[in-house]
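Participant: Sequence:
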Amino acid sequence: MARREILLLGLALAGCAAPQQAPPAGARSNPSCAATVQSPPGKKWWGENRWRYASDSEAEAAYRRLAEQASPWPDWYRPYETMLPPGTRFQMAIGGAQTPDQPGSFGTFDRIASVADVREDLAVRSDWKPAVDRVVTYEVVSELPVRIGPIGPQVDPGLCALLPGRWSQFEALVEKGTLRSYLKVLEVRAIR
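So in our numbering the end of the sequence shown lands on 439, straight run, no missing numbers.
The set of hints was computed from the structure by calculation and includes no laboratory data.
Hints are not guaranteed to be accurate.
[Unchecked claim] Below, in silico cross-link-like pairs of lysine-lysine (DSS-like), each with a Cα-Cα straight-line distance of 30 Å or less:
1) K423 - K290
2) K423 - K376
3) K431 - K376
4) K291 - K376
Generate the whole structure from the sequences, applying the supplied hints.
Facilitator: Below you can see the structure in the form of structure tokens.
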């Protein structure tokens with residue numbers, strides 16, 4: 248390998264060295280960092296998930312799908328639809344200019360204690376939500392139609408990391424911009 252190619256490879260891999268740090272504002276993701284099972288997130292995924300597949304080629308194909316087509320659910324799970332009754336409480340991470348009156352589509356029944364929980368356990372990629380600094384606890388005030396299940400892993404090319412997921416989640420099945428009318432804010436607290 249020529250010296251120039253080694254230098255370029257070293258620079259490319261340097262971005263994968265600190266998976267817990269958030270990318271700088273305006274940073275671009277590095278899809279090639281996570282594209283194969285030989286990448287840092289691919290190796291972590293392989294160690295945790297290879298056993299689920301009958302062959303290496305099936306496992307490689309599953310990882311490639313994960314790296315290319317994000318799904319909120321694990322590939323072994325199909326979410327079911329149900330209704331959250333009034334009185335149900337859940338949490339949602341927000342950040343930046345997002346306010347409690349602008350809830351996203353996904354919530355969790357697990358307690359969010361830190362930004363690391365949001366990245367690792369909720370598998371929220373840095374390109375989806377670059378800034379996370381608060382948690383809102385909501386209470387459902389009208390029956391809320393949802394899809395529910397465990398959180399699937401995500402490959403975050405911006406952090407060059409595998410985000411394992413595994414906590415509980417639901418996806419609200421209401422028209423965009425109307426979720427707030429189903430909810431009451433109980434608490435907003437800072438996280439780091």
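Participant: Each hint: holds or not?
Facilitator: Right, here's what the structure says about each hint:
1. Between K423 and K290 the CA atoms are separated by roughly 37 Å; this puts the pair beyond 30 Å, and the hint is violated.
2. Restraint check: the Cα-Cα separation between K423 and K376 comes to about 17 Å, which is no more than 30 Å; the hinted pair holds.
3. For the hint linking K431 to K376, the alpha-carbon distance of about 23 Å falls within 30 Å, and the restraint holds.
4. For the hint linking K291 to K376, the alpha-carbon distance of about 23 Å falls within 30 Å, and the restraint holds.
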